[in-house]
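Assemble the dimeric complex from its two separately framed chains, guided by the hints.
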Amino acid sequence: MRVLVIDPDPARAALVAEGLAGGDPVEVRHALAYDEAEARRFEPDVVVIAADSPDRDTLESLREASLANPRPVVMFVDRSEPGLAEEAIRAGVAAYVVDGLAAGRVRAVLEVAMTRFQLMHQLRQDLARAKADLASRKTVERAKALLMKERGLDEDAAYKLLRKLSMDTGRNLGAVAADLLAFAGVLKGDQP
Amino acid sequence: MSGRDVLRLGFVPLVDSVALMAAQELGLFQAEGVRVELVREVSWATVRDKIAVGALDGAHMLAPLAIAATLGIGSDPAPMIAPVVLNLTGPSITLSGRVSAAMRDEPSAAALADLVRRRREEGSSPLTFASVYPYSVHTYLLRGWLAAAGIDPDRDVRLTVAPPSRMAELLDGGVVEGFCAGEPWNRVAVSAGSGRIVARAADLRERTPDKVFGVTRDWAADNPDALLALVRAIHAAADWLAAPDHRDAAAEMLSAPHYIGVDADLIEPGLDEMVQQHGAATAPDPADAIWLVGEMLRCGQAPAGTNAEAVAAEVFRRDLYEAALPPSA
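So the sequences go chain by chain: A and B. Following numbering that gives the first Met the number 0, the numbering of the first sequence begins with 0 at its first residue and continues without gaps. Following numbering that gives the first Met the number 0, the numbering of the second sequence begins with 0 at its first residue and continues without gaps.
Don't read these hints as lab results, they were simulated from the structure. Check the hints yourself; a few may be wrong.
Cβ-Cβ distance ranges computed for the label pairs, FRET-style [what the hints assert, rightly or not]:
(1) A:Ala129 - B:Glu321: 47 to 57 Å
(2) A:Lys163 - B:Arg216: 54 to 64 Å
(3) A:Gly169 - B:Ala248: 30 to 40 Å
(4) A:Lys163 - B:Ala30: 40 to 50 Å
(5) A:Ala134 - B:Glu205: 50 to 60 Å
(6) B:Glu36 - A:Pro9: 26 to 36 Å
(7) A:Asp98 - B:Pro125: 22 to 32 Å
Cβ coordinates follow ideal geometry from the N, Cα and C atoms, glycine included.
With the rest of the complex left out, here is chain B (with noise of 0.2 Å):
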């Protein structure tokens, strides 16, 4: 064990996050003899840091995060893996109103090319788009729905990075004027009045890998029972979820002030969107690590020559995730 008696996984607050909750209220993680205590945490830096050196056990992570620390990008290298996926649906895209209302056809990437277009030729300053992380499928996302409506996103906007609970306020201040991010907070923006959704996960891309439930080598290495009766109470609760009716439990749980904190009605189509498309799909597969790592190469972020097939297999443990759940012959 990890000479702790209660395991201390990380979250952040997200729709994506709930099979962590899920699995705790239902008591889940206890029917497989794990004690856990959950941690809610504000930014993927200090997720990775305390992970790295032991504070965490384990936590929700986005799943470039876990191939960024593994080769060292960004930080010192931290090797991590992740033997269970927690969402295959990924974030919105939500404009603020003021570049909607700026546009002369419905609120689109087309119609963004044309507003960058027309401010270019004013002499206007370009418009900034925010993500959640520099290594996220957000990033990855966001860059590539601007660039397939002929908008440089190196050049013709400027690109930052903001803390998905904070995306409402920024468009209203008008400090960024778009950006990617995982439910509630597109909602919550809506909501709020500050902005419009114009993209949706699933018009993004079909199969999204976006958050995984990972720890370091080392700390799997070490605690292979607590890793694999982990995997089995995330499985559970995954499955527990794919059912319409629990539905309502799971955002009124998600609403709690230690978990999410926003009203349920903001949760629940998130939950829904996140659950129909992919239903209690959890085993990690490495093609979709190849893929983030072809999208780390493609922004510059992985070094060249990086051996994609060699870094999913190390990174997406689905071994571990079969020893934990034996496919059925």
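So here's chain A without its partners, still in its complex pose (with noise of 0.2 Å):
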């Protein structure tokens, strides 16, 4: 079984392509825009393809041209499973396979399709996150400097005043940090 793999984003085309090469015999191919001259050279059984791909409206339009294309596709529905598709949506995932494909394979491939979507969903979700602390911690570090020098206090007492503020107004002490630098730019006349 042929499967091209079609997705935007590189990373997560390449964590998909490597979850299916392990399984079922299968030939893996992906790529970042659907090319027409290429997919008849590679004669995929099954095209997987990202939700957010432009490319779904041209893959539907060669089931319309069926007659002239020799490999119609059709958009993968198992009415045996209910909420298959439903589900594929949601992951952002959609699945067009070449008619008389058997259902239970290709329903092997979207799984892993999507497994591997929610993963690099996941991922992306912890980098962010990740970002998030480590500027937060900056901002921590400069208001702390900011009320060693100001208010002449050591580092310590310097972190228990944020902590205070952060406690007081209830509000996490990277927010409380940046206020407080914002406010000290205004009072220094660094901003309007």
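In structure tokens, the structure reads:
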């Protein structure tokens, strides 16, 4: 079985391709965009495509042109398993299948793709959170330095003051530190 | 309510989605008591699927897509309704510089027909033209424009589908020699030096039922108040746009990266054309849907025997529009 993965996100495409390559005898290729000539050479049995790829509409038109096209594609919907197509759409994956391919084999491919999409989503979220944490730590450091300089506090006392502000206002330390820096900027005339 | 505090409405980056952005930016949804999040989508297939499964509450959509989904053409049946129309001015047709230069006369459908004939005599491969989706006025207008000049859209040329935002690049790469798409994508292709506009929206058809605001029939039944609020907000946005003084601000609004992300100068002309021709017309007219079903029958998309009147009444819901905006006595 040959699987073509179309995804404008190259890291995610690679992750899906890697997941598929381990299973059922599968030949996998991935591309950022759908190229008809390339697809014709590869002759995929299944095209797994990201819901955020604009090429979905091109694939849908191939089904329309099925008279002229020797390899018509159909969107994969397995009626024996309600909810699968819905789950796939929510995960951000769609699959187009050459007519006649066994449903079980397609389902296995789609499930791997869905799992990998979710994994990628999780990784991206974790990365964003880690970046935000780091930015917030840097802000706290700068606010601490400002308090030490302006109020003549030592590091420990400056940190305690920030903590107290945070608890008094019920907002996190990073936000309080950012406010403090912004206000200091205004007072110094950095900003209007 | 839909079980969500904030309604998620999808749009595809095109000038004719402007009523949604204007309603959001001007607080018109809020004034009607609904909170809305606008979600940018890049394909009509994804818009259809997300609405069908409830991942979106409603969306800017091609009118024929609402009809196709209702009839189960090209997807599982997912009955959709259009309680309000977003635009009646259709897409334009742009040809590549290459093809324009190869014509003996000023680029036009007739000059293209002459070129197609010459190429056939020479044994050259047929030229490729793109529309934006199989079920779209773009497909029907492009086929009609070719056919009127004596070009058989099924035999003399190759028709394909491509995303509008990629049309300029496809012209440059020689993948397609012409396309039919909404604005700002014709002007984007012209300003990139990739092509020239040969037929503008109004030349193709005076009144073109292009985009509607659509929801599933089930969503409409479950959320009657929210639906009418959305219709009123969208109509109010269309009214605001009808004033020429507001066009600058609207173009500026659309140019934001999270909406269309194209220079306001390239957006404004399309916006002007869209509004000047039909003003703030937003009422769904079943006659428009009947015409669309006729086109779908003509190119073999809808099964023979489809009852156009019945489908039109089912999808183009004038009654809901009038429930939201009672006609003044």
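Verification of the supplied hints:
A hinted range of 47 to 57 Å holds for the C-beta pair A:Ala129 and B:Glu321, which are about 54 Å apart. Restraint check, A:Lys163 to B:Arg216: a C-beta distance of roughly 57 Å satisfies the suggested window 54 to 64 Å. Taking the beta carbon of each, A:Gly169 and B:Ala248 are about 39 Å apart, inside 30 to 40 Å as hinted. Between A:Lys163 and B:Ala30 the beta carbons are some 42 Å apart, a value that agrees with the proposed interval 40 to 50 Å.
Between A:Ala134 and B:Glu205 the C-beta distance comes to about 55 Å, which sits within the given range of 50 to 60 Å. A hinted range of 26 to 36 Å for the beta carbons of B:Glu36 and A:Pro9 is consistent with their spacing of about 28 Å. Separation of A:Asp98 from B:Pro125 is about 26 Å and conforms to the stated range, judged on CB atoms against 22 to 32 Å.
Hint compliance for this structure: no hint is broken.
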